[in-house]
Amino acid sequence: MNREALIAGVGHSPFGKLTGRTALDLEVEAAIKAIADAGLSPQDVDGLVTDPGPAQGILNGITPHYLALGQLLGLNPRYTGSEILGGAGSVAIIQRAVMAVEAGLCSVCLCVYGDAPLSAKGSFDYARGDEAAFGLFGAAGLHALAAKRHMHLWGTTENQFGEVAIAARAHAARNPNAQLQKPLTMKEYREAGYIVEPLKKADCCLISDGAAAVVVTSADRAADLLKPHTRILGYGQAHNFGTYSSPDHFDSLPAARCGPEVLNKAGLAPSDIDVVQLYDCFTIVVLMQLEAYGFCAKGEAGSFVEHGRIGPGGSLPVNTSGGLLAEAYGGGMLHVIEAVRQLRGEAEDRQIQGAETALISGHGLGMNTHTTLVLGV
Amino acid sequence: MENEYPLPQPTPFTESFWDACQQELLQVWRCKVCGHPFLPGGPVCPECWSDDLEMQPVSGRGEVFSFVVYHRTYHPAIPAPYIVASIELENGVHLISNIIDCKPEMVRIGMQVQVAFKQKSGFKLPMFTPTVHTNTTFQLKRGNSSV
Ligand SMILES: [Zn+2]
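From first to last, the protein sequence lines stand for chains A and B.
When we follow the numbering used here, the leftmost residue of the first sequence carries the number -5, and every step to the right adds one.
When we follow the numbering used here, the leftmost residue of the second sequence carries the number 98, and every step to the right adds one.
Simulated from the structure, these hints should not be mistaken for lab results.
A few of these clues could be false.
What the hints assert, rightly or not - With a straight-line cut-off of 27 Å between C-alpha atoms, the simulated BS3-like cross-links for lysine-lysine are: (1) Lys200/B <-> Lys195/A; (2) Lys181/A <-> Lys195/A; (3) Lys176/A <-> Lys195/A; (4) Lys129/B <-> Lys27/A; (5) Lys11/A <-> Lys27/A; (6) Lys215/B <-> Lys200/B.
Unchecked claim - Over the 12 Å line for every Cβ pair with chain A, so calculated as not near, a few chain B residues: (7) Ser156; (8) Glu185; (9) Cys199; (10) Gln211; (11) Pro227.
For clarity, every value in this text was computed on a predicted model and none was experimentally measured.
C-beta: ideal position from N, C-alpha, C; glycine also.
All chains should be built: construct the whole structure from the sequences, respecting the hints.
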């Protein structure tokens, strides 16, 4: 098999002063022309990478994030870029670093997540497009719609969402770095009241200022470094760009596409994973991912998490540092760091004995993006 | 101005949908090549990329696909509690909207609803009310009793 890449088609829109046309309109035109030039059809397309350009903006309208940070760090790197995948972004930048290192584009790649949403109060509560006219603000509403569907389709109960929150708090109680150190009882969970029904306060993640970084390098370069190496056993992505108008938007996650594929390629079954680090912006997303990755059957996650199964000492501990629900909102990068600590045997009171494999997920935007990373010793 | 509704910002692709709402008409985009109905709109059909598109009126009837109750106020013009729902229209297109004239505890997934245009800050928004079975029954009963 020859995996050498080549260019199969090109196309572009007119250039110049194009009054009345939007950037997106022009991008669609260019895409159609390039696909036609290649002799392909829309159904053949299964990947999309974009650059929104400076006018459409990345950070403050003009300065890309990597440039702002790189200038502060005094770097003149050989390879750089930012990802805009919401909560799937931390895993995505590690994937990108792995690819860049393996392609020889760089040899030591620093992967950094950081944000300060508390300093810019309310920034997690932004309007969800035109749907804000109906009060669709923040991320809780969207995930509550998915939670309600799960309850309707599978008989999942609010107490079963509560089991996820209680497990997260029990894990966090063993993590001195966690924001929420106190365990949560079912009574406290139920009495805290709804944010967006059926999701209660403890179903929703923390909001935190903070940053986290991971260094990716090559085995050669790492040969004489101090810490035990954490190997990359597999990675992948899948996305669902359907709108809220698409029929099944709230019933499934793109994780169901990339999760099993990444595990297969790594030669692993879900039961082979020792450390499970699932993006947990809301408890419902943990349930949906347990199903999507095959830790339990579709529709059975509610009963699966009962009796402390995903808590400390359970048969499948999930998010041993407490996750977004109880440790801190770390964008997903803290999930990666906890996995690395578990594989190195550095997790102290939380240590899963003999941990050799870890799975980390990222999930973002309006339930649109998903990233998967599998690590090993 | 704080209590102005956070109204939609029509684009060249969504303005015909919102314009129709101002006439109290609910319309969705339909591809004339493959028949795919869709919202919110774009330069081409997202199924086959044809640009041969038309707006098609729909009945305004549908059912509740999912719903949630906001217990927190995110915008001063939309005080909690309020119901946000994903409505499945008869042609299969889904729409995020509000369910109004209905207590939150009465809403069910699968409940039949119909569009009701409500003016907010001078702009008509397509919201949904439960399909009126109870009133019909009431009128029938009253008719019978007067005989
Ligand atoms: Zn079409």
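Going down the list of hints, with the structure as the test:
no., hint, in the structure
1, Lys200/B <-> Lys195/A, "holds (22 Å)"
2, Lys181/A <-> Lys195/A, "holds (13 Å)"
3, Lys176/A <-> Lys195/A, "holds (15 Å)"
4, Lys129/B <-> Lys27/A, "holds (21 Å)"
5, Lys11/A <-> Lys27/A, "holds (20 Å)"
6, Lys215/B <-> Lys200/B, "holds (18 Å)"
7, Ser156, "holds (17 Å)"
8, Glu185, "violated (7 Å)"
9, Cys199, "holds (14 Å)"
10, Gln211, "holds (16 Å)"
11, Pro227, "holds (17 Å)"
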